[in-house]
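**Student:** So the chains spell out like this:
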Amino acid sequence: MTDLVIAFTLNGRLREVRTPAHRTLLDVLRDDLGVLEVKEGCGEGVCGTCTVLLDGEPVSSCLVLAPRAAGRRITTVRGLGDGDALHPLQEAFVAHGAAQCGFCIPGMILTACAFLEEHPAPSRDEIRQAIAGNLCRCTGYTKIIDAIASVAGRKTRG
Amino acid sequence: MPAVPFEYHAPATLEEAIALLREHGDEAKPLAGGQSLVPLLTLRLARPAVLVDLNHLEELRAVRREGDALWIGALVRHRALERGEGALRACPLLQDAAALIGNVRVRALGTIGGSLAHADPAAELPAVVQALDGTVALRGPQGERQVPAGDFFVGALTTALGPAEVIVGVRLPVLGPGVGYAVEEFSRRAGDFAVVAAVAVVELRSPGEIARVRVALAGVGSTPRRLPGVEAALAGQRPDAETLRRAAGGAAGEVDPDGDAHASASYRRHLARVLTARALERAAAMAARRKTA
Ligand SMILES: Cc1cc2nc3c(=O)[nH]c(=O)nc-3n(C[C@H](O)[C@H](O)[C@H](O)COP(=O)(O)OP(=O)(O)OC[C@H]3O[C@@H](n4cnc5c(N)ncnc54)[C@H](O)[C@@H]3O)c2cc1C
Ligand code: FES
Ligand code: FES
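Residue numbers (UniProt numbering), protein chains in the order written: chain G, 1 to 158; chain Y, 1 to 293.
Just so you know, these hints were derived from the structure itself, not from any lab.
Not everything, but these chain G residues come out facing chain Y in the computed CB check (under 8 Å):
id, residue
1, L4
2, P20
3, E44
4, V46
5, T51
6, P58
For each label pair, taking beta carbons as the anchor points, the in silico distance ranges come out as:
id, chain 1, residue 1, chain 2, residue 2, range
7, Y, D68, G, L33, 43 to 53 Å
8, Y, L40, G, L33, 21 to 31 Å
9, Y, D258, G, D84, 49 to 59 Å
10, Y, L40, G, Q129, 23 to 33 Å
11, G, G81, Y, A49, 41 to 51 Å
12, G, Q129, Y, V154, 33 to 43 Å
13, Y, E23, G, D84, 46 to 56 Å
14, Y, T13, G, L33, 27 to 37 Å
15, G, R124, Y, S206, 38 to 48 Å
16, G, T142, Y, T13, 49 to 59 Å
17, Y, R89, G, T142, 29 to 39 Å
Below, computed lysine to aspartate or glutamate pairings styled on DMTMM-like, alpha-carbon distance capped at 25 Å:
id, chain 1, residue 1, chain 2, residue 2
18, Y, K29, G, D3
19, G, K39, Y, D192
20, Y, K29, Y, D151
21, Y, K291, Y, E209
22, Y, K29, G, D27
23, Y, K29, G, E44
24, Y, K29, Y, E59
25, Y, K29, Y, E16
Ideal placement from N, C-alpha and C gives every residue a C-beta, glycine not left out.
Using the sequences and the hints given, assemble the complete structure.
**Tutor:** Quick look at the structure:
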């Protein structure tokens, strides 16, 4: 199969890869570009560890074929802060001790980030619904929800 | 596991897409949101030699009001349905149904055309189209044809789509005043496919009399099932909880589900009855509100 040349913006920088079409965006990010903050859990769209923002919307990068990323804007958790400064959500996760092993956290933060853009003042229950597609095997979710709620509160006041 | 390599085409027009599908026959598959197809590729349950990406076909993204009907292009994403964007607001039943699909990432990419073409027996949107007597528009080498929902779903993962045919969109009736609707479903875990889902549409003739009821169930057979017995029993009746619940009792006898790892046949029949009752009660209450509004 002939390779395709695919260009997209990754965390604000233009990147170009050469790949056959049958590989996923997850494969390209991890294996070609060394973007290791995007994790592979299930490979079937269920767990959310491979979440990236595609033009601002959370998607499972394990279910996006590489050519479908062409010309799109891709954001990983590293693209949220600017340089050394953490994004407020990242800070909240640290402050609330919301991470244990950390495997689910990049996807969790991206999902929460996109959700808060659309719902700046959610209830706790809405936060639970919003992250229902991101599985965490460690924390029991309570501190994750606390962390997200703390940022949501700040946004509404601000 | 990576998918088996395939040749990838991203045609710019529907004619080109159909020509490619015709040229490669059984070897080719259309790609929409990829939320059912990509897992099949990486599990190697599907091994197409050629993939025809439909995502560049702008004409499949249209949503428009056509008098009493709503046209929804095949590439309209579940998230757009869920948000009720633009003209989609005319059929809010889609909003409730789409919100129940998978997780937010599935909804960001999955399309209504893909959901109908994939025809999972437990999927919500096929049941909605079946409940509303929608029409699926197909385009192929022989031109366009309109297939009523009842004829479109042929079996589990099997539809009336012929060789080199693609779904271009679906036409649904707009629900007027005096019509209420509801979707109820049960699933084991958040984000799972429903074990059973019930879609009910209730039309009132007057506050005390039902004109017509339509119920479709997913997860109780190979295709979304209408419940003609329940529907007939309620025409002309009072829309009170007792009457609705009694009629819904008939749902269990109208379906013949198979048991599987998710639920036994008798549990699915139980869910058919319970979810039909809940959906009918909510739909009737909404119909009453929309009458006076
Ligand atoms: C974790 C997870 C959970 C899910 N949960 C649910 C759920 O609860 N309920 C539910 O309904 N669905 C669920 N889905 C499936 C999801 O809704 C899919 O998006 C949908 O079934 C297929 O739509 P798609 O656009 O992704 O199609 P694709 O995956 O691209 O295609 C699916 C099939 O349809 C064909 N096809 C696609 N578009 C067309 C067209 N226009 N004309 C002809 N053929 C076409 C393809 O060739 C392929 O065979 C889930 C998926 C995942 C990964
Ligand atoms: S690895 Fe993509 S959702 Fe689990
Ligand atoms: S912190 Fe370990 S999976 Fe969430």
